[in-house]
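**Student:** Modelling step: build the complete structure from the supplied sequences, incorporating the hints.
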Amino acid sequence: MYTYSDTDHAYLAERNRQFRQQVARRLDGSLTEDEFKPFRLMNGLYLQLHAYMLRVAIPYGTLSSAQMRALADIAERWDRGYGHFTTRQNIQFNWPKLEDVPDILDALAEVGLHAIQTSGNTIRNVTADHFAGAAADELADPRPVAELIRQWSTDHPEFQFLPRKFKIAVTGSPNDRAVTRAHDIGLRMVARGDETGFEVIVGGGLGRTPMIGKVIRDFLPRADLLPYVEAIVAVYNRLGRRDNKYKARIKITVHEHGIDTIRDLVEAEFPVRRAAFSGIDQQVLAGIEAQFAPPALPARDTGTYDAAYATDPVFRSFADTNLTAHRRADHAIVTVSLKAHGAVPGDASAAQMRVLADLAARYGHDELRVSHEQNIVLPHVARADLPALHRALRAAGLATANVGLASDIIACPGMDYCALATARSIPIAQEIAERVEALKIEHDLGALKIKISGCINACGHHHVGHIGILGLDRAGVETYQVTLGGDHTETAAIGERAGPGFSAEALIPALERLLLAYLDLRHGRDESFLAAYRRLGPAPFKAALYGAEGQRDAA
Amino acid sequence: MTRRPALKAVTANHLRGGHVVWRTASGGWSQRLADAHLWEDEAAAQIELIDAARETGEVVGVYLADIAQGPHGPEPVHFRERFRAEGPSPAALRSYAPQVH
Ligand code: HEM
Ligand code: SF4
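These protein sequences, in sequence, are chains A and B.
The working numbering applies: residue 1 is where the first sequence begins, and numbers increase by one.
The working numbering applies: residue 1001 is where the second sequence begins, and numbers increase by one.
Any given hint could be a false lead.
Residues on chain B that point at chain A, a partial pick, calculated with CB under 8 angstroms [what the hints assert, rightly or not]:
| no. | residue |
| --- | --- |
| 1 | 1017 |
| 2 | 1019 |
| 3 | 1032 |
Chain A is nowhere near these chain B residues, computed Cβ spacing over 10 angstroms in every case [claimed, not checked]:
| no. | residue |
| --- | --- |
| 4 | 1048 |
| 5 | 1050 |
| 6 | 1051 |
| 7 | 1072 |
According to the in silico footprint, chain B covers these stretches of chain A (three or more CB under 8 angstroms from chain B) [what the hints assert, rightly or not]:
| no. | stretch |
| --- | --- |
| 8 | 27-41 |
| 9 | 44-58 |
| 10 | 177-188 |
| 11 | 418-428 |
Just so you know, the hints here were simulated from the structure itself, not pulled from any lab data.
Where is the CB? At the ideal position from N, CA and C, for every residue including glycine.
**Tutor:** Here you go:
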């Protein structure tokens, strides 16, 4: 894992010292709110419905046990004992007091964490495949590159006032778990002969105008990455619209100018940028790479695992859903679900964070990941240790075997917290999870992505959910619009709106009809919801969703 | 929905704590909606809003909320204001009760 250099520490200490003074000046009245707001946003501090909210970046989703413990301590000491892990691999604290935030930032700095550029029209936290460095299907660990981009983008003077926020995601695997096609820039590692490079995707995004990113370069040699990315951001900085915030993201720039024009401009800019780097980026990258050396994983006998798998059905169920193939067959990647049926997706209590930190220290080489699906990952666990790990997770209420299933729902905070929300998301996620649990159908349903956003901003990725749910305010009533057929992977697609919205009460029975209809329609268990939808088209699914009412409308 | 024209209350977030506050009849701030002064006359409420907005050392984001008089006291007209007044849904707070089984 990357550890901060003295320069990093000094930079952060200075930045925190400045913010402490800005807060003091706000509290003593020398700064107005209008003057202070840009400072607090630069440091990740929002004002939400009921309280301030501090968004802390977890670069490429990687945490050490010590960092996870620090998050638990902050939750307990300055917040209300919990935090919310988000789709952008951040953690949000929902209840900090303004005067405490400087102390919180100092506590974060002690473990090499911060909230810089988690807001504002800057390059945001760089996200990555949460299985990076561990997955069997990976070409190489994408995190050194993500860290390089983080260092380059942090306080980059040219890019502090972009037309709009800018989000970059990186994956080292052909199976895209980082939603690269819904980012301003998505980077997918690809091989050409012996050389690895990147497919560069630009102009993806969700929000009110969802777009799947377009390929601007199908193969970018690894060494050209940073200057090329800089060329893209520079072109966007010049061309991106500043007259209308809803047309300011690069997806609109690409859409309005066309990918070919943007490519020409970027290719023209690229040599200039490349020359200016004069190789320094590669030196820095080499230094970073050394820090991401994989942990030494001693060979372990898998006998205890095999025995537990054969004899313990609860363990088997957990193993079947929550494990992913590690590049070493005697190890596994463990996803710990933060989606116990009825829990708030992505919320973890301080006690749970500590349990996870302890388990990572004991069984997982001290490493944890936050997934964009709002779960916690232990990337390197010996199979031999899995039965013991599973027992410990069960004791902490963290052994829910539902990863990738219907109740493993992404949900944004919605109107329970968010000032921009038009409806609540959390209670809908809870009700869906409880309903599928009561019906005992989720293991039968198999792989299913349900994603919920509490407004058109789409922080809950609803556009790319197999079933997407968008909460709206229709004449003072919370109303839920359903989209079908979205896909967040390498075969990314934006879901199609199924029809008129539902009240919260009508939504759950409608979804139940939809799920039961899928079970009837599919060609056996091997055909997932998404595959069946692609084969049959929307009609039978819409009919089920709208029941008798839908048939009447269609008549 | 037909209802009488809404009453207005001045509301904001507290600068230090961030919590929701309501303007009282005496020009102070209370965390309880029940303490809010309710204006029937929107113009008078606007004037109060201007005064309240000057108190930038105490509150942030001052605005007028629509309130109706319910059987048990004042109630926000819109659901967003109801969540602001009452806090996150009870179910949304369930997760941070320690879940040890
Ligand atoms: C303070 C609370 C939040 C605010 C004010 C906020 C604001 C926004 C806005 C305005 C957009 C639309 C941007 C655009 O279309 O240009 C957006 C998109 C997005 N946000 Fe949030 N958000 C919040 C919380 C979250 C949370 C909790 C998550 C993670 C769960 C998140 C992740 C995202 C993602 C993934 C997108 C869509 C991708 C994109 O097009 O940028 N946001 N957010
Ligand atoms: S989607 Fe809307 S409601 Fe949900 S977190 Fe984003 S801005 Fe808030």
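**Student:** Give a verdict on every hint.
**Tutor:** Consistency of the hints with the structure:
1. For the restraint placing residue 1017 of chain B at the interface with chain A, the shortest Cβ-Cβ distance is roughly 5 angstroms, inside the 8 angstroms limit, so the hint holds.
2. Taken as an interface hint, residue 1019 of chain B checks out: its beta carbon lies about 6 angstroms from the nearest beta carbon of chain A, inside 8 angstroms.
3. Annotation: interface hint on residue 1032 of chain B violated; nearest CB of chain A at approximately 14 angstroms, more than 8 angstroms.
4. Once the 10 angstroms rule is applied to beta carbons, residue 1048 of chain B is consistent with being away from chain A; the minimum gap is 19 angstroms.
5. Against chain A, the non-interface label of residue 1050 of chain B holds: every CB pair exceeds 10 angstroms, the least being about 15 angstroms.
6. Non-interface call for residue 1051 of chain B relative to chain A: holds, since the shortest CB-CB distance, roughly 16 angstroms, exceeds 10 angstroms.
7. For residue 1072 of chain B, the requirement that its beta carbon stay farther than 10 angstroms from each beta carbon of chain A is met, with the minimum near 20 angstroms.
8. With 4 residues having a Cβ less than 8 angstroms from any Cβ of chain B, the stretch 27-41 of chain A passes the three-residue criterion, so the hint holds.
9. Here the stretch 44-58 of chain A counts 6 residues with a CB under 8 angstroms from a CB of chain B, which clears the bar of 3, and the coverage holds.
10. Closer than 8 angstroms: that is the beta-carbon criterion, and the stretch 177-188 of chain A has 0 residues meeting it against chain B, so the requirement of 3 is violated.
11. Beta-carbon proximity to chain B at under 8 angstroms applies to 4 residues in the stretch 418-428 of chain A; the threshold of 3 is reached and the given coverage holds.
In the structure shown, a violation is registered for the earlier hints numbered 3, 10, in ascending order.
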